[in-house]
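The task is simple: from the sequences and hints, build the whole structure.
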Amino acid sequence: MATYSGRKTKNTVMMTLCAVAAAFGLMWLALILFDLIYEGISGVNWAVFSEMTPPPGDEGGLLNPIVGSLIMTAIAVAVGTPIGILAGTYMAEYGRHDKMTNVIRFINDILLSAPSIIVGLFIYELMVRTMGHFSAIAGAMALAIIVLPVIVRTTEDMLLLVPDALREAGTAVGAPRWIVIRSVAYKAASAGMITGVLLAIARISGETAPLLFTALNNQFWSTDLNAPMASLPVTIFQFALSPYDSWQSLAWAGALIITVAVLTLSIVARVVTAQKEDR
Amino acid sequence: MVSLAESNAQDRQSASSRAKAVKRFSTSDAVFKNVTRSAAFAVLAVLAGVAISLVAGAWLAFQTFGLGFLITESWNPVTEKFGALAPIYGTVVTSLIAMLIAVPVGLGIAIFLTESCPRPLRRPIGIAVELLAGIPSIIYGIWGLFVFAPFLQHTLQPFLIATFGHVPVLSSLFAGPPYGIGVLTAGLILAIMVLPFISSIARDVFTTVPPVLKESAYGLGMTTWEVTRKIVLPYTRVAVLGGVMLALGRALGETMAVTFVIGNAHRITPSLLAPGTTISASIANEFTEATGDLYTSALFALGLVLFVITFIVLAIARLMLAQIKRRAGE
Numbered sequence: 001m002a003t004y005s006g007r008k009t010k011n012t013v014m015m016t017l018c019a020v021a022a023a024f025g026l027m028w029l030a031l032i033l034f035d036l037i038y039e040g041i042s043g044v045n046w047a048v049f050s051e052m053t054p055p056p057g058d059e060g061g062l063l064n065p066i067v068g069s070l071i072m073t074a075i076a077v078a079v080g081t082p083i084g085i086l087a088g089t090y091m092a093e094y095g096r097h098d099k100m101t102n103v104i105r106f107i108n109d110i111l112l113s114a115p116s117i118i119v120g121l122f123i124y125e126l127m128v129r130t131m132g133h134f135s136a137i138a139g140a141m142a143l144a145i146i147v148l149p150v151i152v153r154t155t156e157d158m159l160l161l162v163p164d165a166l167r168e169a170g171t172a173v174g175a176p177r178w179i180v181i182r183s184v185a186y187k188a189a190s191a192g193m194i195t196g197v198l199l200a201i202a203r204i205s206g207e208t209a210p211l212l213f214t215a216l217n218n219q220f221w222s223t224d225l226n227a228p229m230a231s232l233p234v235t236i237f238q239f240a241l242s243p244y245d246s247w248q249s250l251a252w253a254g255a256l257i258i259t260v261a262v263l264t265l266s267i268v269a270r271v272v273t274a275q276k277e278d279r
Numbered sequence: 001m002v003s004l005a006e007s008n009a010q011d012r013q014s015a016s017s018r019a020k021a022v023k024r025f026s027t028s029d030a031v032f033k034n035v036t037r038s039a040a041f042a043v044l045a046v047l048a049g050v051a052i053s054l055v056a057g058a059w060l061a062f063q064t065f066g067l068g069f070l071i072t073e074s075w076n077p078v079t080e081k082f083g084a085l086a087p088i089y090g091t092v093v094t095s096l097i098a099m100l101i102a103v104p105v106g107l108g109i110a111i112f113l114t115e116s117c118p119r120p121l122r123r124p125i126g127i128a129v130e131l132l133a134g135i136p137s138i139i140y141g142i143w144g145l146f147v148f149a150p151f152l153q154h155t156l157q158p159f160l161i162a163t164f165g166h167v168p169v170l171s172s173l174f175a176g177p178p179y180g181i182g183v184l185t186a187g188l189i190l191a192i193m194v195l196p197f198i199s200s201i202a203r204d205v206f207t208t209v210p211p212v213l214k215e216s217a218y219g220l221g222m223t224t225w226e227v228t229r230k231i232v233l234p235y236t237r238v239a240v241l242g243g244v245m246l247a248l249g250r251a252l253g254e255t256m257a258v259t260f261v262i263g264n265a266h267r268i269t270p271s272l273l274a275p276g277t278t279i280s281a282s283i284a285n286e287f288t289e290a291t292g293d294l295y296t297s298a299l300f301a302l303g304l305v306l307f308v309i310t311f312i313v314l315a316i317a318r319l320m321l322a323q324i325k326r327r328a329g330e
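Chains as they are written, first to last, in my numbering: chain A, 1 to 279; chain B, 1 to 330.
No wet-lab data here; the hints were simulated from the structure. Among the clues, some could well be false.
[Claimed, not checked] List of simulated lysine to any residue pairs, SDA-like, C-alpha gap at most 25 angstroms:
1. A/K187 x A/L265
2. B/K81 x B/E289
3. A/K99 x B/G49
4. B/K81 x B/I71
5. A/K10 x B/I101
6. A/K10 x B/G66
7. A/K187 x B/R24
8. A/K10 x B/C117
9. A/K99 x A/L112
Written out as structure tokens, the structure reads:
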């Protein structure tokens, strides 16, 4: 039987260890952010946003990869969001008590955390091999497949939070199911669904692996969806592993831009949900 | 004044138009229902598509090498002899290193956040951890390559070599020069990466413990650690394990953070300081350079192996995490 003071000592030791673990873990994460700002901030200037990627050893910017990332992200969201919202709607509304819904939810959760490089292989086999060349549209589709499960999950969760009394009120005044869903359920769940879209954008804006062999990369300005397109993450990958100082500093600048964008999106997503909760 | 006959006719007319409207409504409802249902099946189609395309891509490699592909170490693009053992070994070892470090530290953070952290700090630290979980892996990769690997090369690795270099078994684990990049560095980067996942899941799970349970334990005179150890952890055990499995699934499939620092060497050495490779790093490094159908197919076969491993791990994780929801529903 342990003595009281022995138990107290053990408590102090273990709880201190937990605090140390917290300090240790957070220290590394803080260090990464600090290094990122320290190394990246000197590289971020107007040229980064206005000039093309330079040839090896030359000065330049990241304009074409930034635009490429924006284009592919936009297409991915435009494709993934409607399908995701409809699928989430089925799971939360029409098929709520359907056995299939459980299966779909399970598969969706697995897709949510499946390795993204596998998605790259899938799109390579599906689009790049059949079309015969790398293309921006293939990259965008790979990203859309990563967007899909995020949207499905948030849509279903948010629709399930809408009280059934609201739906019943809609039905009671004679509105058919789909009008109830559109005008009552979607409206009540809109903030959460917007959060889902923002989180999905945050998720794909740093994805590198699925783009490596779908959109490939492009040293030059291109908005042709049928041709390889540069993207920020792939450019960072290529430049960081190069021996040239100017490329490496551009890679750091790009990394800082991505991180700032991702953190901003996550914070905005949080604010959107928080505002809804206050109301 | 409207005559009785006229108003009856109007009624009949509006009744028929009402019936039409109802019919129109029910048609549009059926259409919408089917549209949403097909979208839901699209999710299944994506997973099926992934599985089919991986099998199709890997077909040639498995046809050529058979199941021996899985236990062959050689990886030679010139003679076209491919085996998956080295990448599988690297994937497992780096993930193990990551888990060994991230699980205790991550649970420590979660316990600190739910039990002993001063109340005003809980929310900000919790949010910070969640935000960090969203930072893309390429950021960890570039940091690992330029900051962390040189740091290890000059501090931890010489220390490990000096300390364990003459201990019988451990000397082979820490043999060779300190390259900086290598299996150990990749494992440590993965540990830092999955840390926020483990702690934010564990924290969410810990908060599902009914306060009454904890209060009654405190009422019996238990210390905070005893409440954590004897009440919170047993109550949440399965879900915490589920969270750990989820993090493991992430570590196994993580690509960019590892690709930067592992060194991409297809060989198995006992030394953790030596360069190695993982499944995802091999695919990322070699896919665009792969010449010949067999080389590409071998990389697809690696992808299929990774898909099967992560599918099993993630499926177990989800089943375990679902348990806590069922209990909350009771």
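Hint check results:
1. This hinted pair checks out: A/K187 and A/L265 have alpha carbons roughly 22 angstroms apart, not beyond 25 angstroms.
2. The hinted pair formed by B/K81 and B/E289 meets the criterion: a straight-line CA distance of about 16 angstroms does not exceed 25 angstroms.
3. Between the alpha carbons of A/K99 and B/G49 the distance comes to roughly 22 angstroms, so the proposed pair stays at or under 25 angstroms and holds.
4. Simply put, B/K81 and B/I71 have alpha-carbon atoms about 13 angstroms apart, close enough for the 25 angstroms limit, and the pair holds.
5. With a C-alpha separation of about 22 angstroms, the suggested pair A/K10 and B/I101 falls inside the 25 angstroms cut-off, and the hint holds.
6. This hinted pair does not check out: A/K10 and B/G66 have alpha carbons roughly 55 angstroms apart, beyond 25 angstroms.
7. With a C-alpha separation of about 23 angstroms, the suggested pairing of A/K187 with B/R24 holds against the 25 angstroms cut-off.
8. Pair hint A/K10 plus B/C117 holds up; C-alpha atoms about 18 angstroms apart against a cutoff of 25 angstroms.
9. Only pairs whose Cα atoms come within 25 angstroms are accepted, and A/K99 paired with A/L112 is accepted, the gap being roughly 20 angstroms.
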